[in-house]
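Asker: Each chain, written out:
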Amino acid sequence: MGPVVSVKTYMFTFLALLALTLSTVLIGFLNLGWGSMFVAVLIALGKAILIACFFMHALLEKKIVKLVIAGSILWFLILVTLTAGDYITRGWVAFGGK
Amino acid sequence: MNSLQLLPDTASTFAVQWNWLFWMLVAVCGAVSTAVAVLLIYWTLRYHRKNDNEFPQQIQGNIKVETAWTLIPFILFVGMFAWGAELYFKIEKPPANAREVYVVAKQWMWKLQYTNGQREINTLHVPVGEPIRLVMTSEDAIHSFFIPAFRVKQDVLPARYTTLWFQATKPGKYHLFCAEYCGTKHSGMIGWVYAMEPHEFERWLEQGGAEGSLASTGEKLFHQFGCSNCHHFDSQGRCPVLTNLFGHRVRLLDGRTILADETYIREKILRPRAEPIEGYLDSVMPTFEGQLNEEQLLALIAYIKAIGPAPGTQQPTSSGTSSQSLGQQPGIAGPGATSISGSKPGDR
Amino acid sequence: MSTLVKIPAAETPNYLTEGRGIRSWLLTTDHKRIALLYLASVTVFFFIGGIFALLMRLELVTPASDLVSPHTYNELFSMHGIIMVWFFLIPSIPNTLGNFLIPMMIGAKDLAYPKINLASWYVFMLGGTITLYSMFRGGVDTGWTFYTPFSTIYSNTYVVGAALGIFVSGFASIMTGLNFIVTIHNMRAPGMTWFRLPLFIWSHYATSIIFVLATPVLAVTLLMVAVERIFQVGIFSSELGGDPVLFQHMFWFYSHPAVYIMVLPGMAVVSELVAAFSRKTIFGYTFVAFASVSIAVIGFLVWGHHMFVAGTSIYAAMYFSLLSYVVAVPSAIKVFNWTATVYKGSISWDTPMLYAIGFIGLFTIGGMTGLFLAALGIDVHVTDTYFVVAHFHYIMVGGTIMAFLGGIHYWWPKISGRMYPEGISKLSALTVFLGFNLTFFPQFVLGYLGMPRRYAAYPPEFQSLHVLSTAGATILGAGYLMPLIYLFWSWHYGPPAPPNPWRATGLEWQTSSPPPKQNFEITPVVTRKAYDYEGMKDELGLV
Amino acid sequence: MSSALSSTAQKLMLREQYGTPEQQRETVTLGMWIFLATEVMFFGGLFMAFAVYRMRFPQGFDEGSADMSIVLGSINTAVLIASSFAMALAIHSAATGKQYRSVWLLLTTAFLGVAFLAIKFTEYYQHYEAHKVPGIWFETSKPEAGAMQLFYVFYFAMTGLHALHMTIGITLVIIYALRAAAGSFDSEYHTPLEALGLYWHFVDIVWVFLFAIFYISGLHT
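Line order of the protein sequences matches chains A, B, C and D. Read in order, the letters of the first sequence are residues 1 to 98 in our numbering. Read in order, the letters of the second sequence are residues 1 to 348 in our numbering. Read in order, the letters of the third sequence are residues 1 to 543 in our numbering. Read in order, the letters of the fourth sequence are residues 1 to 221 in our numbering.
Derived from the structure by calculation, the hints contain no laboratory data. Every residue gets a Cβ at the ideal spot worked out from N, C-alpha and C, and that includes glycine. Some hints could be false.
Only part of the chain C face toward chain D is listed, based on derived beta-carbon distances under 7 angstroms [what the hints assert, rightly or not]:
| hint | residue |
| --- | --- |
| 1 | Leu39 |
| 2 | Asn186 |
| 3 | Val212 |
| 4 | Met536 |
| 5 | Leu540 |
Simulated crosslink set (DMTMM-like; lysine to aspartate or glutamate; CA at most 25 angstroms straight-line) [stated by the list, open to error]:
| hint | chain 1 | residue 1 | chain 2 | residue 2 |
| --- | --- | --- | --- | --- |
| 6 | B | Lys173 | B | Asp254 |
| 7 | C | Lys529 | B | Glu66 |
| 8 | B | Lys173 | B | Asp140 |
| 9 | B | Lys185 | B | Glu289 |
| 10 | B | Lys64 | C | Asp66 |
| 11 | B | Lys50 | C | Asp66 |
| 12 | B | Lys93 | B | Glu267 |
| 13 | C | Lys344 | B | Asp52 |
| 14 | B | Lys185 | C | Asp66 |
| 15 | B | Lys305 | B | Glu289 |
| 16 | B | Lys50 | C | Glu534 |
| 17 | D | Lys142 | B | Asp52 |
| 18 | B | Lys106 | B | Glu139 |
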């Protein structure tokens, strides 16, 4: 049988997720230029970590499961960085900005 | 049956350098492959099993040997990489004084045009000893411009310009191939490249009655489509000054900068209101999407390249900078700029 | 189906005889039977793809396109590529030999998910059927690479059908990879530590990583191609501002690692063969094991080397070129270690060993010419020519198929319980080797001379080399038919095989030939490393 | 497959290829995590393509984003988070032997999932009404019409695939709720529920990112 986490932890996670959703929306109304997307994704990342750690018990799983999670994130980053590296150095996207 | 040919023509400056690296790689890789093959065959014969009860002495491995055959190939590989990259940089960075030829590819032909207006199809005439830069685009699928004797190849993409340069060294007639699969008659999308002595080339270039240079065709289009109504050569016009635009970075409204190359100018003609330039928030320019074909676009680009720095312009770095926004009246359409509200490129 | 814990009966019939009739095969969850289902399927696909190849070679005997129309020729090479890549090479070794051997080599009763294993075969067959159906309905002419915008706008063939077939078969790959990874992690017999695993397992583990992480990207890419083609919204074409090169990035993110899906299992087989027929432990076991894993990992970082002239940035080309050289290092390490294993061994010249030596030689040439293609400046000329065609055929045909045939011969006694005929099989190995080189070596020269690939017609000066290549292809075809015939023959008429005809190490040789359904009468307890021929010698009392 | 199951061995449902129940649980969990890794790469390809085009056309994508209904999007996010919460509690109840509560929580999860889809399809209908469906009916007067269409292509592709995952998830949750009602799970054996929970939470995570990239960046315009 799997790891058992207390109901209280689930409750706090749930509330934290709702709070983060609300803050995403509120910050979204500010004009941050490219920063608004950046902040939104950053908060989403925080929410994803909360879900993975507390709802999915990633922290309590064996090392191999953690390796699988780390690997999938790393591979996604490989896909993004090596492709984006081409687009950024190709002059396909504009540079700088606010 | 034709005679067996084992060496390709070597007819450009790049091809000479290419051959050096190629044969160096053949020598290194050939030596290593031969060594592996000889050892493998020799040991297989030398240590052939004599009877089924034979079990050899076990060898687990040797860290020194492993390190050696990890590091030595790696160092060799880095050398190969560096040499290959150096060669690649040479072929990707055309010299500034190169003569330009414009190429439009379509299923399944090559259309070429010189700056003096001379056109040809599926043949390319070039002078020996002069760098040539091809500015290429496609009307449909991806094609690839390939001249084996010059060892150069570049994919030709729709809606953007790629370039290719070479300098022929030997007069002659060489193959031109499409190297990126492009449909039914892909293997028919071939032609010839004629490398000629410079004086012969000049003679060839003048004959054939081109109807004026490419830039002059562009200039005519520039007036015909009303561009000149707004794009003046001083800052009095409502639109960015185009002198000295080409090859410089343009500041966008949100502060980012973008290089004004051929592809950028093409984009701005077809989709002027996307990505507004600093100082021109509500662009009054209409879209020319669907009104200009690839050849006309190239003529306009040739014209914009040709106008260079106009007399009296003190902005050598960039056009479209904020200094020209003085007197700008956003949103007012002028005589040259027709209604913009109805432009819906995405309509069905 | 939820069976309870079951102790195998004392005298179980073997996996071939336990349960008869078509139902017992089509509903089996036995990894060995599923391996045979896969073996039969990929063999059929191999010969279909082979017929396409032969027709192409016949067309290329003359410079003009006279045997078939250019359009037909384009469909031939597209279908040859699609069938061979997705329906033969990728499943070839992992789903047949891998499926058969992984549980046995680690001392397990079956894979971790036997039902998913069976499901993967059905999904694979469904994908294959869809692809074949769209081929016979009118074919597809995009090449196996489906480059946009040609595939989404300009091609008038059954692109969506072919893409759907590949999409579906991708799920089979994912199921297989997932099954292998979990099996290797969780199902090892007591005492079977990671560094006691045969290198076959290490390589298949590396392959599975690629299956699992690369295949989904292909799936989503093909899905986007289908969406773009059906709804005519330009994701990868330029009307809306999209970029065709993005398709190439996503496609090669899968398809370059997919090359390693094809060759890593070949390396897996060759490690076993070289050890068994030299009766020696693999020189530098840990280096070879980690080389497999690093090929799988670094193999994901090099896809851009397919796009050096595609209009990517020169800086991206730089890092992709450098990384391509880095991934060549572990491949080189493997070749050197196999060669060193032969040194002072006790080498037998049985057929599998001939295939293994052929593999090492051809893989070396294939790998070395890869160094040419990774050199940026050189690639400008030779990319998209026959040089590339020859290069990847040396890896995939000279490499993978040699290893596949070698492996089939080596484990044939275990699979069928019969010995194959030694004389004719040696002849076939030799025929394949010679035919292969005659077919593909001239293509290096053709590419170097500038002959572009995917040409139905070509300038006359290339004819001599094309004729040589076609001559080689007929020999190669004959070489491939021979094993098909004599292996079928030996299934019924070959002499019965002992449990361990080669006196090889490895748990699979410690059970009977053919093995019982549960693989082992008692779960083995492992106390030795892989390739412990010292121990084997003691066991046989030959001190 | 009913409450007639009595002995521990039967309840463990140990399949023949496994040695111990613990091995079976680990195998199932690991398999599910690896499957989720493939899902990361599956959605990852789309996220990567979206990122590239977003970098290229920030304005056009923001204009597309400005059309989104932030109210419905936020409600949907809350609904999905609540469903994940219910799922986590369902597994917790199963693990602590409260089978009856577990069934009801599973049904709540499924209900919230259906509510999510209902809201999502309401949004789709609104886009259709506004003529914002690329390839079928697309109209805009905005200058970056092409980029906006691209935005919508990604929007429909990604939320559509997400909705497909939701549909599969809801079906499985209902099936497992029925199995739980039939007494198939207890505090010792509920591995399939845990695996389903992982899947459900993962689909939730995907939505969290979809919400961030599609709904937020156009808010300030």
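Asker: Work down the list of hints and note, for each, if the structure agrees.
Answerer: Structure-based check of each hint:
1. Leu39: It is violated, given that the least Cβ distance between C:Leu39 and chain D is near 22 angstroms, above 7 angstroms.
2. Asn186: holds (5 angstroms)
3. Val212: holds (5 angstroms)
4. Met536: Violated: closest Cβ of chain D sits about 27 angstroms from C:Met536, beyond 7 angstroms.
5. Leu540: Hint on C:Leu540: violated, closest Cβ of chain D at ~31 angstroms, above 7 angstroms.
6. B:Lys173 / B:Asp254: Violated - the C-alpha atoms of B:Asp254 and B:Lys173 are around 51 angstroms apart, more than 25 angstroms.
7. C:Lys529 / B:Glu66: Satisfied, since the Cα-Cα distance of roughly 20 angstroms is no more than 25 angstroms.
8. B:Lys173 / B:Asp140: Violated, because 28 angstroms separates the two Cα atoms, which is more than 25 angstroms.
9. B:Lys185 / B:Glu289: violated (29 angstroms)
10. B:Lys64 / C:Asp66: violated (59 angstroms)
11. B:Lys50 / C:Asp66: Violated: B:Lys50 and C:Asp66 sit about 55 angstroms apart, past 25 angstroms.
12. B:Lys93 / B:Glu267: holds (23 angstroms)
13. C:Lys344 / B:Asp52: At roughly 16 angstroms apart (the allowed maximum being 25 angstroms), B:Asp52 and C:Lys344 satisfy the hint.
14. B:Lys185 / C:Asp66: holds (14 angstroms)
15. B:Lys305 / B:Glu289: holds (21 angstroms)
16. B:Lys50 / C:Glu534: Within the cut-off at roughly 18 angstroms; holds.
17. D:Lys142 / B:Asp52: violated (82 angstroms)
18. B:Lys106 / B:Glu139: holds (5 angstroms)
Figure legend: structure checked against the earlier numbered hints; hints not met, in rising order: 1, 4, 5, 6, 8, 9, 10, 11 and 17.
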